[in-house]
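S.K.: Residue numbers (our numbering), protein chains in the order written: chain A, 1 to 334; chain B, 1001 to 1334; chain C, 2001 to 2334; chain D, 3001 to 3334.
Watch out, some of these pointers could steer you wrong.
Computed list of lysine to any residue pairs in SDA-like fashion (alpha-carbon distance at most 20 Å, straight line) [to be verified]:
1. B:Lys1322 <-> D:Leu3334
2. D:Lys3261 <-> D:Glu3079
3. C:Lys2095 <-> A:Leu330
4. D:Lys3067 <-> D:Glu3216
5. C:Lys2260 <-> B:Tyr1008
6. B:Lys1260 <-> B:Glu1217
7. A:Lys260 <-> A:Arg60
8. B:Lys1067 <-> A:Arg248
9. A:Lys305 <-> B:Asp1035
10. B:Lys1067 <-> C:His2007
11. C:Lys2203 <-> C:Ala2176
12. D:Lys3331 <-> D:Gly3093
13. A:Lys261 <-> C:Arg2248
By construction, these hints were calculated from the structure, which means they are not laboratory data.
Here's the letter readout for the chains.
Protein chains: 4
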Amino acid sequence: MLIVMEHYATPENVKTVIAAIEAQGFTAQPIPGGDRVAIGVLGNHGYVDETPFRGLAGVRDFIHVTKPYKLVTRDFHPEDTVVEVGGVRVGWGEKPIVIAGPCAVESREQLFAAARVAKENGADMLRGGAFKPRTGPHTFQGLGFAGVELLREAKTQFGLPTVTEVMRIDQLDFVAQNVDCLQIGARNMQNFDLLKEAAKIKKPILLKRGMSATLEEFLAAAEYLVAGGNDQVILCERGIRTFERALRNTLDLAVVPYLKKVTHLPVIVDPSHAIGIRELIPVMSKASLVVGAAGVMIEMHPDPKCALCDGQQSLGPESFAKMMKDMEALKGAL
Amino acid sequence: MLIVMEHYATPENVKTVIAAIEAQGFTAQPIPGGDRVAIGVLGNHGYVDETPFRGLAGVRDFIHVTKPYKLVTRDFHPEDTVVEVGGVRVGWGEKPIVIAGPCAVESREQLFAAARVAKENGADMLRGGAFKPRTGPHTFQGLGFAGVELLREAKTQFGLPTVTEVMRIDQLDFVAQNVDCLQIGARNMQNFDLLKEAAKIKKPILLKRGMSATLEEFLAAAEYLVAGGNDQVILCERGIRTFERALRNTLDLAVVPYLKKVTHLPVIVDPSHAIGIRELIPVMSKASLVVGAAGVMIEMHPDPKCALCDGQQSLGPESFAKMMKDMEALKGAL
Amino acid sequence: MLIVMEHYATPENVKTVIAAIEAQGFTAQPIPGGDRVAIGVLGNHGYVDETPFRGLAGVRDFIHVTKPYKLVTRDFHPEDTVVEVGGVRVGWGEKPIVIAGPCAVESREQLFAAARVAKENGADMLRGGAFKPRTGPHTFQGLGFAGVELLREAKTQFGLPTVTEVMRIDQLDFVAQNVDCLQIGARNMQNFDLLKEAAKIKKPILLKRGMSATLEEFLAAAEYLVAGGNDQVILCERGIRTFERALRNTLDLAVVPYLKKVTHLPVIVDPSHAIGIRELIPVMSKASLVVGAAGVMIEMHPDPKCALCDGQQSLGPESFAKMMKDMEALKGAL
Amino acid sequence: MLIVMEHYATPENVKTVIAAIEAQGFTAQPIPGGDRVAIGVLGNHGYVDETPFRGLAGVRDFIHVTKPYKLVTRDFHPEDTVVEVGGVRVGWGEKPIVIAGPCAVESREQLFAAARVAKENGADMLRGGAFKPRTGPHTFQGLGFAGVELLREAKTQFGLPTVTEVMRIDQLDFVAQNVDCLQIGARNMQNFDLLKEAAKIKKPILLKRGMSATLEEFLAAAEYLVAGGNDQVILCERGIRTFERALRNTLDLAVVPYLKKVTHLPVIVDPSHAIGIRELIPVMSKASLVVGAAGVMIEMHPDPKCALCDGQQSLGPESFAKMMKDMEALKGAL
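From just these sequences and the hints, can you work out the full model?
M.R.: Written out as structure tokens, the structure is:
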């Protein structure tokens, strides 16, 4: 950490800060600059807490060189983590995967129709929401545990590993027993207690980036999982909230190659939630592969115009089939 | 709802949409415009679901006139709601209140010292975090249930109603038995299950605006509480996330008079988290009163430079005392 | 346009609004809804000005169905515009182009070295800034007119059409005489007088999206050029400003297929300014092709570590050569 | 400046960076940390250019301690600057001023009516736009030079100093001869050539913050004026662009006390453009005074419902008169 002093800080002020640094067992290293003095804090292992230095006279700013996470970075774990979801391998160096299925599980008929389309067209996993986070209380909230059971049935029938969102701690055990991968959604990325409890579950976790989460916060959220004992974590970019509202969110594709440098955990992309317009999904899925994503997650519904949730961004069977063919061709070319 | 057609939509397309509207039991009202046709959906009560109309040929856009919330608005409840917290009245037309106390409960000694300063200077409630949401797992996470018990003791000793944050459902009962008002923090504003369960508790709820929540989402989150049976809700503006990082967040003070027009629920302001710089807090507190807030929530620590959490934005006893005097003078003038 | 009334608006209020609509020569169409009345404004050609209806009693909101631009949309000009820059064709259906060159023209030696690398590796145009917009006044501001002359020389020597930024009206004539395409930068996207004057020049214009410009504002800025008589306009996505600062800006790639639906003007991508990190540029360039961009603009410097401007995001000769080969392979596959 | 090395940087890498620092005439000061080495750059006067150090092996990041501006800060000019506009003093320590008038000058009759209301109610200056920046080309663009002449007439008749926006360089001389203060609008805050030329004019400049300008960029834009020879600069906060669209912009009031610490130049607030809703303007004006602004700029129109521009945010004569009385009372109380 670097403590930047005000330009009017006195030599006495600097001495006091140095003493405070040494009182914490660190070494202080003053760096006189053109306009002001900065003081380096040396000898720390990991993140230095600013607390003991705050409010000291003449202190202007703190600059952290060390980040609030460690286990998720390549600095300390250079090799790719490969997450296994029901036999499917997800990792930076693995063949990119496709997760497909409806926004919400609506009925056995609907889910099985979607699973059939997914299977026949080469998808690797089946998604479907049983517990649905909705902006207001007056809209469809999902089938709940009954939906989770339908996912287990679909898995048995079609042989596809499954992923579904969990929203509260008391859902964790049941979901972990019935599906292959637990999703923690964007709105819960900083629901730290859910993260802490999910860390204890021996199942892969798909962690979505929060709507306005910085990459630092995203990685720190993943650190809760890894520090809690679960390193089977897949990160998912799903668009961020910006001033632009022509599309649902702003898909931040450049974070994929950026995160590839920084973390060993695999990153996949969810273009459906990011974009919100059906006809743009296939092209953004292909772009996700090109930037190196470990996979994509696609909303697909057997009959999008009757979907109870997010139909405008769901692909139907035909457009999904076409997209899968195009992506296969692209993978060959890459 | 208004369904906007593409400019190239055919009369056949328009007919199909009209039929779909009528199939839902609504009335369709075509509005031919200069460049394109729009079709009004009439006869609805409350929010109209777009689902049945999505994907129909020639449809370009949906414009919702009705919002995804209802119970929280003045349209349906014109009179101010007054929330009573341990005898203190919070409402648009009431005397503005001051909630003060440390970011985190650290010890009996620290909490009691803070409570004494709060009481002696005329604060109306005592705040203190027992469960702390922290960006990363490697920093102080709060005293937990022991912290809640200290709050109950402080209440007994100093006679101040108390408010503390809850982060998970299984904390609700214990906290409700021991403190007067439960806070749901910015990171949990869309933790819908926490909202649903908190709605069943017979205690006032202080709901903070999410870091990137629109006012529509903020009100829809409050709707979860009111629709679930708890109308004792205080809203809290605490700064939003923007591109600007010179201050911790961007305090969005204009939402106070805006929300006053829209909702009967009282709105208070938390300048401490919004600004993050101690010396700016008093002046932003005064501005909060001027724009009509029902109160302010202030971080105050008996010894800010030793605070375990957010010390840089906490007032010490002297600056808190001065702020309280200045605010009292201002209230007289308003 | 749709005028939404307050739910408490009286029948008298509605009558007054209808009269005001008819006074403008339009037809009024009331649409009674569940909670409130809306009134359609019919018979307009193009954008309706809200002015005469503002402030009328009981009016809550205006919803514009017609946009503030017209000439740039496919509604009125369905066929792709193909812009010709010194013989190079730029358009949605054309072979995607590559514009390459240094951020700033620094010297004849530097520019010619860059032009040689561009030419030898198959770039279609040469870029180089003569007039540089810099955040503060104390950094290198560009060579000015001497830089423009070097661009003309480079064009003669290497046979590449050239593009350079103009920042003030009195630069337009000289630049138009010496280079093939005039760039209007992100900071000047809403410098409307520069747009009006540039519209009179008979040279192609490369218009960059402003740092926080919505697509509506971006298209409205282009409308200034087309309405002013110059339809040789290339749009350029170059990243927007968001809360995320890990990368320089947030590259908004999904706008490319979105704009392809909306406008006949070609859109290219500038990943260099959007990302700001050299090693991520090639992969984002490839993604730009995949989403259908009409081309990319790349910062390339013969010796990036000595660049006077933006060296951290400039490719050197070798990485540029590699990127061009990879893109060629990708084009084959698409 | 601090150069942060990658954790895997070799001792050789560090040596190379040190040599590069010394080659620039600076002193290098290595600071070994827990995870990585940082190297302080010492002996600089003002901002250090990163250029010579970019791209060196093992370099991870640059942290600037010195800002890209200097003349506008209190570090180098501790005393308040007082700007005199036609005899009216504007400064942090002066009586806060009120600038009022219509968004656009529409006619002599309209401007004079507005000036009369301004004068009679104690406003200090008259505003009115002659050149209007409009999102699209199909709306009213202002009266131009004729509007400037009307402002001069209004000044003569009512004795109020005037302020109006300039949008292009060739307007500067005429406007400077006819009005007392030249405004540079939000869209032109980074029109650096306009800033450079305005710096040569011997008239006060009112510089508005750009829609998505950081405070660092805002101050750096002001630095162009001061470095160019004109230190008669008034800064104006007018709301920033965020994800929230319920109000026109997000008024960032906390920057007023923040900037008061940082710069000697006075800061005023424009609540009209920030909020965009007439009835909220008075209360936000009062809040502006409370946070210490040197003044406010208010849109006021003799007949807002007939305004050609921004009528929805303009006060009428009666509400303006009431606001002025309330503000006078508040000033007494502060």
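S.K.: Please go over all the hints and tell whether each is borne out by the structure.
M.R.: Structure-based check of all given hints:
1. B:Lys1322 <-> D:Leu3334: 14 Å, holds
2. D:Lys3261 <-> D:Glu3079: 11 Å, holds
3. C:Lys2095 <-> A:Leu330: 18 Å, holds
4. D:Lys3067 <-> D:Glu3216: 8 Å, holds
5. C:Lys2260 <-> B:Tyr1008: 17 Å, holds
6. B:Lys1260 <-> B:Glu1217: Holds: Lys1260 (chain B) and Glu1217 (chain B) sit about 16 Å apart, inside 20 Å.
7. A:Lys260 <-> A:Arg60: Roughly 34 Å between the alpha carbons, so the hint for Lys260 (chain A) and Arg60 (chain A) is violated.
8. B:Lys1067 <-> A:Arg248: Within the cut-off at roughly 18 Å; holds.
9. A:Lys305 <-> B:Asp1035: Not OK: Lys305 (chain A) and Asp1035 (chain B) at ~26 Å, beyond 20 Å, violated.
10. B:Lys1067 <-> C:His2007: Holds - the C-alpha atoms of His2007 (chain C) and Lys1067 (chain B) are around 12 Å apart, at most 20 Å.
11. C:Lys2203 <-> C:Ala2176: Holds - the C-alpha atoms of Ala2176 (chain C) and Lys2203 (chain C) are around 7 Å apart, at most 20 Å.
12. D:Lys3331 <-> D:Gly3093: Distance of about 13 Å is within 20 Å: holds.
13. A:Lys261 <-> C:Arg2248: Status holds; Cα separation ~16 Å.
In summary, the structure is inconsistent with hints 7 and 9 from the numbered list given earlier, while agreeing with the others.
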